[in-house]
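K.L.:
Below, each chain spelled out in residue letters.
2 protein chains.
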Amino acid sequence: MLRRCAAHFRALGALRCPRGGGRPSPGQLRPFSFEKIVYKDCSIPNPSWNKDIRLLFDQFMQKCEDGSWTRLPSYRRGSTESIQDFKTLLRDGQITKEGHITQTNLFTRSFEDGLGFEYVMFYNDVEKRMVCLFQGGPYLEGAPGFLHGGAIATMIDATLGMTAIMAGGIVMTANLNINFKRPIPLCSVVVINSQLDKVEERKFFVSCSVQSVDEKTLYSEATSLFIKLDPDKSLT
Amino acid sequence: MLRRCAAHFRALGALRCPRGGGRPSPGQLRPFSFEKIVYKDCSIPNPSWNKDIRLLFDQFMQKCEDGSWTRLPSYRRGSTESIQDFKTLLRDGQITKEGHITQTNLFTRSFEDGLGFEYVMFYNDVEKRMVCLFQGGPYLEGAPGFLHGGAIATMIDATLGMTAIMAGGIVMTANLNINFKRPIPLCSVVVINSQLDKVEERKFFVSCSVQSVDEKTLYSEATSLFIKLDPDKSLT
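Going down the list, the sequences are from chains W and R.
Numbered according to our numbering, the first sequence spans residues 1 to 236.
Numbered according to our numbering, the second sequence spans residues 1 to 236.
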């Protein structure tokens, strides 16, 4: 998918969350407002994180101390750019009918703590590598007891995409090709290792593996192609 | 991902939802219980559905009248099979530490009405075709104003997977290959057309397109390979 995320990423320090990080319940969809917003970085440990992801988090934070690795912050809301985009959504019957604009959430941050995607990414700029530590919660179920393939694809897409963004700026996913080797148990922690393989003009080739914490189990492998966009290019 | 869904699908009539279909808020994660459950089919219109998906829903319901097409019901919770699988999860530190088993949700049904995945699938058994009508809500955002690539991949995986399940029974996704052509505006409706292309022994090849309601815009295309499993085969 299209990622107007170079600007997005540069603006990370100015992204917005609802107060308390909560979500509206049915019938309580709130009008978009600049008043009820705070900054909350979702890429730091919360009480739902288990010992596996905490241990790896601490290890990578140590690697960050000499500047070789960088932890990427992550926020629930889109940037102020979304306001303009929302104006196009006003054509939609559902939204105009309700008379207000519903708040949006970044998909990977749209669950309460612990229920959905718990993750943090670390980037090594010299090696053009991204490591994503991912704990998939109980609302990401596919086959009973295991993560849904779509949830895995989502974290793979997010990790590959961020790798391309860090290396190339504003990019759009053109292809995503995933080989699923083994199902991932719900609530377990996996490590997504991604790297930039090749750049050909505007084409960025990025691949990754999804492994268990002890590296003994290879769950998935994926390749992807991202296209670098002109910053002034229309999204549609 | 692995889909132990032939049995899953056969058991659709016995799947479970929490009373009222709601979800626990933080600190209210409820113990798994057979008492607070009701049946709720999520594949029928709710107030969040816009006019586009309602119109298509009505058209396909008419096609169901002669039996050529069948609407597939869909539920928030996994089947009772999940109980056994959950026993394996008890090894996980987080869950045992909290002293109870958190309820799980099928990933594609884990949002409140209108916020996430709103969809319904219709199957034509003679043609081995599946049509999924999909309205992606404001919690599925990627680039501002557009669906996250992972959300699209999720609905593609769900549709392709259900096509393979209806044709082949218990299957596991081995490969998912998606070409993203254009970004999908948030809250718009798209139509996923999927069909079984080929069967080679245990291999089921399924492909699909993702188009706008007026069929003028091709958003994505995908191919996939599913492997039929022995019902007694271990999931891991």
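Derived by calculation from the structure, the hints in this document are not laboratory data.
Keep in mind that the hints are not guaranteed to be accurate.
If several chains are the same, the list does not tell them apart, and a pair holds so long as it fits within one copy or across any two.
[Stated by the list, open to error] With a cut-off of at most 25 angstroms between alpha-carbon atoms, the simulated SDA-like pairs for lysine to any residue come out as follows:
no., residue 1, residue 2
1, K203, D41
2, K181, C42
3, K181, I227
4, K63, I227
5, K181, D197
6, K198, N179
7, K198, N177
8, K40, Q211
9, K181, E65
10, K203, T223
11, K181, S68
12, K40, A174
13, K181, L196
14, K228, D113
15, K203, E221
16, K216, R54
17, K216, N175
18, K181, S207
19, K203, R182
20, K181, Q195
21, K63, C42
22, K181, K203
23, K40, E215
24, K203, P45
K.L.:
Give a verdict on every hint.
P.N.:
Each hint, compared with the structure:
1. Taking identical chains as interchangeable, the C-alpha atoms of K203 and D41 are never at most 25 angstroms apart, the minima being 31 angstroms within one chain and 44 angstroms between chains.
2. Neither within a single protomer nor between protomers do K181 and C42 lie at most 25 angstroms apart by alpha-carbon distance, with minima of 29 angstroms and 30 angstroms respectively.
3. Proximity of K181 and I227 under a CA criterion of 25 angstroms is satisfied inter-copy only: 11 angstroms between copies versus 27 angstroms inside one chain copy.
4. In this assembly of identical chains, K63 and I227 lie within 25 angstroms of each other by CA distance neither inside one copy nor across copies; the values are 30 angstroms within and 41 angstroms between.
5. Taking the closest pair of Cα atoms, K181 and D197 come within 25 angstroms of each other both inside a single copy (22 angstroms) and across two copies (22 angstroms).
6. In this assembly of identical chains, K198 and N179 lie within 25 angstroms of each other by CA distance both inside one copy and across copies; the values are 20 angstroms within and 19 angstroms between.
7. Taking the shortest Cα distances, K198 and N177 sit within 25 angstroms of each other both inside one copy (16 angstroms) and across copies (19 angstroms).
8. Taking the shortest Cα distances, K40 and Q211 never come within 25 angstroms of each other, neither inside one copy (29 angstroms) nor across copies (36 angstroms).
9. Taking identical chains as interchangeable, the C-alpha atoms of K181 and E65 are never at most 25 angstroms apart, the minima being 35 angstroms within one chain and 40 angstroms between chains.
10. Taking identical chains as interchangeable, the C-alpha atoms of K203 and T223 lie at most 25 angstroms apart whether they share a chain (13 angstroms) or sit on different chains (22 angstroms).
11. For the identical chains of this complex, K181 and S68 are neighbours neither inside a copy (31 angstroms) nor across copies (36 angstroms), given an alpha-carbon limit of 25 angstroms.
12. Within a single copy, K40 and A174 get their C-alpha atoms no closer than 31 angstroms, and across copies no closer than 37 angstroms, so neither meets the 25 angstroms cut-off.
13. In the homo-oligomer, the alpha carbons of K181 and L196 lie at most 25 angstroms apart both inside one protomer (22 angstroms) and across protomers (22 angstroms), since each shortest distance falls under that limit.
14. Taking the shortest alpha-carbon separations for K228 and D113, neither the intra-copy value of 33 angstroms nor the inter-copy value of 35 angstroms comes in at or below 25 angstroms.
15. For the identical chains of this complex, K203 and E221 are neighbours both inside a copy (20 angstroms) and across copies (19 angstroms), given an alpha-carbon limit of 25 angstroms.
16. When the C-alpha separation of K216 and R54 is checked against a cutoff of 25 angstroms, the pair qualifies only within one copy, where the shortest distance is 19 angstroms, while the shortest distance between copies is 48 angstroms.
17. Only between protomers do K216 and N175 lie at most 25 angstroms apart by alpha-carbon distance; the minimum there is 21 angstroms, versus 28 angstroms within a single protomer.
18. Taking the shortest Cα distances, K181 and S207 sit within 25 angstroms of each other both inside one copy (16 angstroms) and across copies (20 angstroms).
19. Taking the shortest alpha-carbon separations for K203 and R182, only the inter-copy value of 16 angstroms comes in at or below 25 angstroms, while the best intra-copy value is 30 angstroms.
20. Taking the closest pair of Cα atoms, K181 and Q195 come within 25 angstroms of each other both inside a single copy (20 angstroms) and across two copies (23 angstroms).
21. In this assembly of identical chains, the alpha carbons of K63 and C42 lie at most 25 angstroms apart only when taken from the same copy (20 angstroms versus 46 angstroms across copies).
22. In this assembly of identical chains, K181 and K203 lie within 25 angstroms of each other by CA distance solely across copies; the values are 15 angstroms between and 27 angstroms within a copy.
23. With identical chains, the CA atoms of K40 and E215 are never at most 25 angstroms apart, being 31 angstroms at best within one copy and 40 angstroms at best between copies.
24. In the homo-oligomer, the alpha carbons of K203 and P45 never lie at most 25 angstroms apart, since the shortest distance is 35 angstroms inside one protomer and 42 angstroms across protomers.
Hints 1, 2, 4, 8, 9, 11, 12, 14, 23, 24 from the list above are not met by this structure, while the remaining hints are.
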